[in-house]
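> Protein chains in written order, with my numbering: chain F, 1 to 393; chain R, 394 to 786; chain B, 787 to 1179; chain Y, 1180 to 1572.
Any given hint might turn out to be false.
As the list claims (entries may be wrong) - Example chain F residues on the side facing chain Y (calculated, C-beta under 7 angstroms, incomplete):
hint : residue
1    : 165
2    : 167
3    : 176
4    : 182
5    : 226
6    : 228
7    : 233
8    : 252
9    : 255
10   : 264
11   : 265
12   : 283
13   : 303
14   : 383
As the list claims (entries may be wrong) - Which residues of chain B face chain Y? A partial, calculated answer using Cβ under 7 angstroms:
hint : residue
15   : 1109
16   : 1110
17   : 1111
Just so you know, the hints here were simulated from the structure itself, not pulled from any lab data.
Think of the CB as a built atom: it goes at the ideal place given N, C-alpha and C, for glycine as much as any other residue.
These are the residues of each chain, in order.
4 protein chains.
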Amino acid sequence: MSDTSDLGRRLRLAMVGGGRDAFIGAVHRMAAALEGGIELCAGALSATPEKALASGRDLLLPPERNYPDWQALVADESTLPPEKRVDLVAIVTPNATHFPIAKACAEAGFHILCDKPMTRTLEEARTLVRVVREQDVIFALTHNYTGYPMVKQARHLVRSGELGRVLKVVVEYPQGWLLGAPEKAGQKQAAWRTDPAQAGCSCCIGDIGSHCENLSHYITGLEMKEICADLTTFVPGRALEDDGNILVRYEGGAKGILYASQVSSGEENNLRIRVYCSEGSLEWRQEEPNDLQVRREGEPPATWRRGNPYNCAAAARATTLPPGHPEGFIDAFANIYRGVARAVRARLAGAEPASPKPDFPTVEDGARGMAFIESAVAAAASDRKWFPLKEWR
Amino acid sequence: MSDTSDLGRRLRLAMVGGGRDAFIGAVHRMAAALEGGIELCAGALSATPEKALASGRDLLLPPERNYPDWQALVADESTLPPEKRVDLVAIVTPNATHFPIAKACAEAGFHILCDKPMTRTLEEARTLVRVVREQDVIFALTHNYTGYPMVKQARHLVRSGELGRVLKVVVEYPQGWLLGAPEKAGQKQAAWRTDPAQAGCSCCIGDIGSHCENLSHYITGLEMKEICADLTTFVPGRALEDDGNILVRYEGGAKGILYASQVSSGEENNLRIRVYCSEGSLEWRQEEPNDLQVRREGEPPATWRRGNPYNCAAAARATTLPPGHPEGFIDAFANIYRGVARAVRARLAGAEPASPKPDFPTVEDGARGMAFIESAVAAAASDRKWFPLKEWR
Amino acid sequence: MSDTSDLGRRLRLAMVGGGRDAFIGAVHRMAAALEGGIELCAGALSATPEKALASGRDLLLPPERNYPDWQALVADESTLPPEKRVDLVAIVTPNATHFPIAKACAEAGFHILCDKPMTRTLEEARTLVRVVREQDVIFALTHNYTGYPMVKQARHLVRSGELGRVLKVVVEYPQGWLLGAPEKAGQKQAAWRTDPAQAGCSCCIGDIGSHCENLSHYITGLEMKEICADLTTFVPGRALEDDGNILVRYEGGAKGILYASQVSSGEENNLRIRVYCSEGSLEWRQEEPNDLQVRREGEPPATWRRGNPYNCAAAARATTLPPGHPEGFIDAFANIYRGVARAVRARLAGAEPASPKPDFPTVEDGARGMAFIESAVAAAASDRKWFPLKEWR
Amino acid sequence: MSDTSDLGRRLRLAMVGGGRDAFIGAVHRMAAALEGGIELCAGALSATPEKALASGRDLLLPPERNYPDWQALVADESTLPPEKRVDLVAIVTPNATHFPIAKACAEAGFHILCDKPMTRTLEEARTLVRVVREQDVIFALTHNYTGYPMVKQARHLVRSGELGRVLKVVVEYPQGWLLGAPEKAGQKQAAWRTDPAQAGCSCCIGDIGSHCENLSHYITGLEMKEICADLTTFVPGRALEDDGNILVRYEGGAKGILYASQVSSGEENNLRIRVYCSEGSLEWRQEEPNDLQVRREGEPPATWRRGNPYNCAAAARATTLPPGHPEGFIDAFANIYRGVARAVRARLAGAEPASPKPDFPTVEDGARGMAFIESAVAAAASDRKWFPLKEWR
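Based on the sequences and whatever the hints tell you, model everything.
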């Protein structure tokens, strides 16, 4: 439940991207709607001005705040008085435009929710970290899988040390949807992801491998030290890889396997992580997100389930429904919005976010992700067996 | 996606019940928010006036439409001009008050979303059917499990005849939450459900057995002819049953088992239905709602999954996310709101709901459910082996 | 591992039935072979003398102990000196002949393994109980599902009281193989099971419902007090029922649902039992027999797995392989043979079976089963709602 | 069912190793017993003569064929006349002694079943290939997982081309039993596997990684071209690795991930293989071996189950029980014995094995496995990113 009433008003959200034909924009709007205290009141919903305006009319945006492009949005909203201007901007465009939009929004003092991967290059990511810090705006990256309660439970079990020391992380994300080369049939989602100009240096690792990296860091806190990567383009004629297998060596001695694929026939969104520790292990799978398998030698494997009294405080806070009423993708996505909204409200009320600190992915997580993506691409091209992770700090 | 823009405005929703301490009210608000074209703009959110008003302030209701009780809400809203008055009312109070509120709303011409079971008695239900028909208002009963896409897929597979003739239906709903007598500890949800004055003649069958009845009818279209019931109160001192086992004989020769329990230790919300037909069978389980098991003799069992091209049109319409992005309880609940909103918008636009017809549970389904509940209680008390279903038409 | 060496020789087994075209005879032979200390050395393997002799030759039986019929086997083996005659006889014929063969074997002093259901009628069963007791022979009924380690674990958890008082038992056994009327195509297994002359008064309940009854008694120890039955013949022209739904009231107040079906499309051998107790519940499914689900309110559900240190002594004794090396149907069946062989060796060594007592189903369990079968058939034909279980003692 | 009767006698089996305290010897004896036409009639059951003889007495071996050591067994059995001497020898000792025993048996003309890994070194393996070919004896390596019917089904689906071209193989085998350093507590199975003198150059990869390699080759037929390996010893003080992560490049362009671990807390024997092809994918898991998941883009995922009419001929031949009666580890192991016995009987009858050819792992598969093991160890020690597989031919 949002703490709307403390502020006495709804937060004002603008959206860049997410118009007609887009996928993730509607997800953001549903997530914001679930939060319950956010109002979409401005937008520049497409890179094509006509489509942007038509999309805004679909959503009943007030005409004067239905912008033809993001530059107009940033410029005009900046001139509005504080009691009218938007509080935060959701950036839901293809990868390559995240950076200029996010930088402009930060410089204008807007808080930001931005899709992943955060930028097109690591260099841009480093710059964005600096700008966000200088402007002191709140920045959340929608690595939405961190919003699932049982992911938060997993994080608690590992980071609290209850399972002992991390020995091995196996994280994988197979999908099958790019096997048939849908970009050749004009499928928009496939087209931009396989186009270096819009997606950056990577398709599969950038789009979903980055979720694996983020999830493993979110749960374990471990930093990768060096990796060995084998990236493959299985579909002929594609400019970027559609599959990647990576061995990982973490700081401190843990080992890892990370793999992602967009050409694994019949797989939908089968993100799964297993963390093996010295005193127990856990397994979580995105397609059945309400369960967390916890195993210890000599004990029956247990299925921790969302919404129960034995869950940790972070999991409980991220839970809106009783046990047995399944939560899904949208509910987890909404938790990112809930965390951001809570932080923004605290800021507007002149306070630091109340304890506990919101736990959404940050601009630093975004930079770590870009370092991972560029390192994976470089490692794959290199003869070197162990490729050190690029610096992002 | 809502077809908001055709109307050029959001639908106006009022809520009765659902204030502080309530559970299902928040679910309704999230469901309405997901629909995307509905605005909560009035409420009488509790049976206690002070709590009602405080709850309305939490939700930023305009003070003049934040009512102390439902009578005031119905009276005042009825006097507002059409361009201001609410379009529909969500009734989310304990069972016993559904009837007077719904009757008053229907008589005032408001469209209605009402929680289940529909009324306290079958007699009330029959009256409500009559009033709703006379007033020609849209009435939806929130048997929310019918909102799941794979339930719609199951309905399609059975009703289209693809699986042949229905031979046997096994539907069950075990929960464990009432095993420890939480009503004695003041848990509000447990307290009213175990209190005949608020819940009616039944606890377990009324609360969750009615979902079983509704789900089996929704999927198969079969009408129960006679039943044999064994209801039990396992927790000492409880006035209503907390467990029930029922044998069913359907019109046309199919047989059935229906059971519900609130004292099944460790069960959460394990609603499951299996339909065995002459050419195949299916199984659906609410706790993993994105899957539908389909089996045919001599073929490998298949797991039909939400969001895929092989799904039927009704399942596709009820789907908002791509395959592998799990949908859950809220998404299914929102589908009830989506269906109602679509019907209301068509009505406001002066048209009948466009084809296809919305498929949410109706006032007639609610009456059928009340006939089932009263029949189950009477059958359990009777020495008669086969008890004919009470008439609800 | 068998304790063969204590006796210094293998046990001598004769088999009646189980020749060419039979199914369960080969299962018995594999089970006996797994025990490791049993030798098949005589047989009357078919009701047709020529087929019996040919089947014996297939199995390399010594010609002088390859009998044309069971009467010859019993007569001749009885005249052999103790150091040559068979120790035990496995009876694997269709139901109707179990009684005369078993009675003759018992009267000749042979120990017996007999297929279920034990006899054709309850009257025969009562007689057999008397004869077996008078002759003081060891008698085991091959309700083989009791041989699974995790069934023994379930029995331990319930009977030890660790889960509290039993409230409800749900046991079910759906199969689909009789849906297409294979008896009309001359399938032998289907033909005798649907023929009253060979199967007795029941098909579905006798063949698999009896496993449900036995399993629920084995695990809980509860006696049925009264039942309400609805038996159906779905396939036209069949003389016996192929589906049955039964409500159960146990002595002491527990309630139950028991159902079996042979016309449930796509089901293989989906025997499942759930036992709900006041302090926890368990669930076991025959098709994944190495797992036992154990649930308690407020704790993560646990999957107890075979072969682990936390298993009870009875489960451990029934385990031959380490955890993760799945055991199956044959291994469970072999546990019946292991128990019988242990009892027979103790008897031959002049001792009572060492502690712990073997826990295979007995002649009394067989009589209880026949009482259940005849009661179910009578209850289904009766107008009486609650039909008291017939006496078998 | 064995074709015993064609030969008119049982095959005579000798066993080397497998006495008191051993694990796998009893498995071999159960597997041989299930075959139904094999008789254990000689043995040298331990490396310690006294223990060997005591173990033979336990098993009721005839005293004159209960040998104190394998040298005596080979020498004496060789002098027996053909109608008495053993037909085949099962070698179930620790890895390091496989080679001398197998070589001696082959040179004496005995057919052989040998445990895996086949030898201590690749060099020994190459020699053994030569000797087995020269002596023209039948040699089977007990990579027992190839005996599962659904593994044969997987092989058929891939090798027949029904799923298109293989793109990616992910095979993994996590166990947890070596996490607690049981070798320090004197556990015999752990002690020899972690001792280079008995196990060879590898613990984890040799013991279970080799099953992964064999399984992936058995199903796909693909040969590894080069690998990149990261082997780790997580338990301090252990001389050999207990965990390994390997990237694979196959001849022809397929990619792979192979990993094995003995320190994955709470894992039992979780061998799993996924094969992603251009037209579909499959997944098989050893702990639920009766199922094979088959997926194709745009179709509901299917669970192919053992024992059904849609299974291929090789899977059907490896099946002894109807669908729904689960088969397990022993049944699969017995299929190796069944294949060998069939080949040996054909040879004894003067014929080549009847079509279809037995499909058990051969001496060449054993050599391929040793090349993999030595390559993995060398690759892990090397700075080279891609290490070419060692030659074994």
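> Confirm or reject each hint.
Each hint, compared with the structure:
1. For the restraint placing residue 165 (chain F) at the interface with chain Y, the shortest Cβ-Cβ distance is roughly 10 angstroms, beyond the 7 angstroms limit, so the hint is violated.
2. Below 7 angstroms, beta-carbon pairs count as interface contacts, and residue 167 (chain F) has one with chain Y at about 5 angstroms; its hint therefore holds.
3. Residue-level restraint check for residue 176 (chain F) holds (minimum Cβ-Cβ distance to chain Y is 5 angstroms; threshold 7 angstroms).
4. Interface restraint check: residue 182 (chain F) against chain Y, minimum CB-CB distance 10 angstroms, threshold 7 angstroms, status violated.
5. Nearest Cβ of chain Y to the Cβ of residue 226 (chain F): about 10 angstroms, over the 7 angstroms cut. The hint is violated.
6. This hint holds: residue 228 (chain F) has a C-beta 6 angstroms from the nearest C-beta of chain Y, less than the 7 angstroms allowed.
7. The interface hint given for residue 233 (chain F) is violated, since its Cβ lies 11 angstroms from the closest Cβ of chain Y, which is over the 7 angstroms cut-off.
8. Because the beta carbon of residue 252 (chain F) sits about 13 angstroms from the nearest beta carbon in chain Y, more than 7 angstroms, this interface hint is broken.
9. Proximity of residue 255 (chain F) to chain Y holds as hinted, the smallest CB-CB distance being about 6 angstroms (cut-off 7 angstroms).
10. Evaluation of the residue 264 (chain F) hint against chain Y yields a held restraint, the C-beta minimum of about 5 angstroms falling below 7 angstroms.
11. Look at residue 265 (chain F): its Cβ gets to within about 4 angstroms of chain Y, closer than 7 angstroms, so that hint holds up.
12. Residue-level restraint check for residue 283 (chain F) is violated (minimum Cβ-Cβ distance to chain Y is 9 angstroms; threshold 7 angstroms).
13. Taking 7 angstroms as the C-beta contact cut-off toward chain Y, the hint placing residue 303 (chain F) at the interface is violated, the least distance being around 12 angstroms.
14. Interface hint at residue 383 (chain F): satisfied, since its Cβ lies 6 angstroms from the closest Cβ of chain Y, which is below the 7 angstroms cut-off.
15. Because the beta carbon of residue 1109 (chain B) sits about 4 angstroms from the nearest beta carbon in chain Y, less than 7 angstroms, this interface hint is met.
16. Satisfaction of the interface hint for residue 1110 (chain B) is found here, the shortest Cβ-Cβ separation to chain Y being roughly 3 angstroms, below the 7 angstroms cut-off.
17. For residue 1111 (chain B), the shortest C-beta to C-beta distance to chain Y is roughly 4 angstroms, which falls under 7 angstroms, so the interface hint holds.
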